[in-house]
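With the sequences and hints as input, model every part of the structure.
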Amino acid sequence: MSEPTRFYGKVIMYLVLLSPLFWMLMCSPVMSTSLESRSGAYTAYMMGLKEELDGNLLEANSWYKKAYDLDPGSTEVLKALAKVSVRLGRLDEAQEWIERALEINPNDIDLLLLLSKILIHENKTKDARQVLEEVVVKYPNNDQALLVLGTLYAESHNYDKARCFLEKAARLNTRKAFMAYYFLGRMAKDRKKYAEAESYLNLALKKNAFFTPALFELADVYERQGKVKKAMNTYQAVILRQHDNIKARQRLLFLLLENGREKEALKQIRVLRRIAKSDANVQFRLSLVLLQLDRPRQALDILKGLRHRMKDNSQVNFYLGLALERLGRDKEAARIYSSIPESSETGVDAVIRLSRLFFKEGNEGKAVSALEKAVADNPQRVDLYTALASLYEKIGQPERAVNVLKSGIKKNPDNKALAMSLVMLLDNMGKKDVAISFARTILRSHPDYVPALNYIGYTYAELGRNLDEAERLLKKAVTLVPEDGFVSDSLGWLYFKKKEFQKAFKYLKKARTLVPDDPIIAEHMGDLYFARQEFKNAVKAYSHALKKAKKKDDKRRIRKELQKAKDAFSDIPDY
132 MSEPTRFYGK VIMYLVLLSP LFWMLMCSPV MSTSLESRSG AYTAYMMGLK EELDGNLLEA
192 NSWYKKAYDL DPGSTEVLKA LAKVSVRLGR LDEAQEWIER ALEINPNDID LLLLLSKILI
252 HENKTKDARQ VLEEVVVKYP NNDQALLVLG TLYAESHNYD KARCFLEKAA RLNTRKAFMA
312 YYFLGRMAKD RKKYAEAESY LNLALKKNAF FTPALFELAD VYERQGKVKK AMNTYQAVIL
372 RQHDNIKARQ RLLFLLLENG REKEALKQIR VLRRIAKSDA NVQFRLSLVL LQLDRPRQAL
432 DILKGLRHRM KDNSQVNFYL GLALERLGRD KEAARIYSSI PESSETGVDA VIRLSRLFFK
492 EGNEGKAVSA LEKAVADNPQ RVDLYTALAS LYEKIGQPER AVNVLKSGIK KNPDNKALAM
552 SLVMLLDNMG KKDVAISFAR TILRSHPDYV PALNYIGYTY AELGRNLDEA ERLLKKAVTL
612 VPEDGFVSDS LGWLYFKKKE FQKAFKYLKK ARTLVPDDPI IAEHMGDLYF ARQEFKNAVK
672 AYSHALKKAK KKDDKRRIRK ELQKAKDAFS DIPDY
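Taking my numbering as reference, the numbering of the sequence shown is continuous, increasing by one, and the terminal residue is 706.
These are computed hints drawn from the structure, not numbers from a lab.
We put the beta carbon where it would ideally sit given N, CA and C, even for glycine.
Accuracy of the hints is not assured; some may be wrong.
Said to hold, decoys possible - Taking lysine-lysine and the DSS-like style, the derived pairs with C-alpha atoms no more than 27 Å apart in a straight line are:
1. Lys-667 <-> Lys-691
2. Lys-681 <-> Lys-695
3. Lys-562 <-> Lys-541
Stated by the list, open to error - FRET-style restraints, in silico, Cβ to Cβ:
4. Lys-504 <-> Ile-370: 45 to 53 Å
5. Pro-344 <-> Lys-408: 22 to 30 Å
6. Lys-562 <-> Lys-541: 17 to 25 Å
7. Asp-258 <-> Leu-189: 24 to 32 Å
8. Leu-419 <-> Lys-525: 25 to 33 Å
9. Lys-408 <-> Lys-504: 54 to 62 Å
10. Ile-377 <-> Asn-534: 50 to 58 Å
11. Gln-511 <-> Gly-459: 30 to 38 Å
12. Lys-398 <-> Pro-344: 20 to 28 Å
13. Glu-265 <-> Gln-511: 54 to 62 Å
14. Ala-340 <-> Gly-459: 14 to 22 Å
15. Glu-327 <-> Glu-503: 57 to 65 Å
16. Glu-327 <-> Glu-265: 43 to 51 Å
Structure (structure tokens):
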């Protein structure tokens, strides 16, 4: 078929499809133009329509303007000019065409709805609401106006009005009723009314079972309510419908990770790596997950690809260095860390990692110099003071470590964590009384600071001094953080020292439930069982403590206690 034949075939098709429009344009009583002008206007209009359908918006706009010049009283031509102006991004122009059309026909619902859309695009929501409320007065059953009005009021947090319009749209029970229930569900979710949200979203899905956004929102509502199994099943249902739904796969991935389902999580990572190749943000998040799962080689593959695309991105470079470090490729990691500007987002973190690599290779001077320079350049970065203090402690210069932390505290006087680092350093140096004194200083300005309360209470328990004061401080700490296993252990250990074994058992048992793999808590439980002459239970507790212990001194001490418990109950077989 020749090009002209195809062209005229299209024109004939448009004429057939739009024949009612032809008669509207030709016979409209509002037109005062001659028949010849109306015929020319119609031809120009059809040419504009053809160009618009072919995607040639500028040509379409030109033809529509010719149609308007020939017939300025045609609302259809004005409407076409408004719509193509919107598509061209000429919103002011579009609004002008609509206002001219509304002068001719002020009750044209399509024009009013189009005007409201333009006003929304221009962030003139108040004006848009006014236009839509005019529509609702004239056409109270127009579901489109009701839906948009409801969402606009929800965005401005006028939830009562929003609900009024959306519920009315839902009651109309039109084909768009599912959208009304969907928006009602989202609004309830935003207001943390999760049961209500769940109900509305299920109604949306009942009206339109194939509306995937409602299914995704329902999964989110389940997740927020802690209904993990339902959330995962619903995200999986979304994925069954939309295999490449990146958002649903990411949410499912994090739920799987939170619930220890590593194998399934890795499957999702493999799929996401494939379907989100071009999405740098998704790929970067996947690399972080792989590092968290101790899979640095796979993380490295992703990060290398990202570095080719964004060579100067400090975050990509930092985690690339971390992946190389995890793989034992320290020299390559050091080169990457060195390339990151200190002023960038991860620059200081890179300096800290680099100093550790210098220390690891035996270059203590270089490690110290890197951190000292960074501290001087970034006096408000608390982690630099703790890193430098830790380094001085490792190389046998604890007094210099103390001076570094004191300098940091002077420049950051309100930082409790930094002050607490000094307390723990002094404790490690054997200066417990000085450490307790500093901890008291913290409590004077921050009386509810749990680490300081716990330190003083536990240290007094260990020393067997001021046990009543220790009890008061630790009881306060437990009240502030009842689900902190280490604080519960401290109070239990205090009661053990006071020989109040029943109270000790209550708190040590809770501590072991909260932190089942901590060797010191398990050892404390063994000490309690031994004191109560429950030697079999003591052996079990000490055996668990020995299994979990990592430090040589802890292992040596626990092994002796275990043997002592076995000897006390000779019938227990060797472990």
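Could you see if the CB distance from Gln-511 to Gly-459 stays within 30 to 38 Å? holds, 34 Å
State, for the Cβ atoms of Ile-377 and Asn-534, whether the hinted interval 50 to 58 Å holds or is violated. holds, 51 Å
Range hint 43 to 51 Å (beta carbons of Glu-327 and Glu-265) holds or violated: violated, 31 Å
Lys-667 paired with Lys-691 [C-alpha distance capped at 27 Å]: Given pair Lys-667, Lys-691 holds - Cα atoms ~16 Å apart, limit 27 Å.
Is the distance from the Cβ of Ala-340 to the Cβ of Gly-459 consistent with 14 to 22 Å? violated, 53 Å
Given the range 25 to 33 Å, decide if the beta-carbon distance of Leu-419 to Lys-525 lies inside it. holds, 28 Å
Taking 54 to 62 Å as the stated bounds, is the beta-carbon spacing between Lys-408 and Lys-504 within them? For Lys-504 against Lys-408, whose Cβ atoms are near 40 Å apart, the range 54 to 62 Å is violated.
That 17 to 25 Å hint for Lys-562 and Lys-541 (C-beta), does it hold up? Taking Cβ atoms as reference, Lys-562 and Lys-541 lie about 20 Å apart, which means the hint holds.
Can you let me know if the beta-carbon spacing of Lys-398 and Pro-344 is within 20 to 28 Å? holds, 25 Å
Are Glu-265 and Gln-511 spaced within 54 to 62 Å by their CB atoms? holds, 56 Å
Honestly, do Pro-344 and Lys-408 meet the 22 to 30 Å range at C-beta? Distance hint for Pro-344, Lys-408 holds at roughly 24 Å.
Holds or violated: Lys-562 with Lys-541, Cα cutoff 27 Å? holds, 21 Å
Violated hints for the displayed structure, listed by number in ascending order: 9, 14 and 16.
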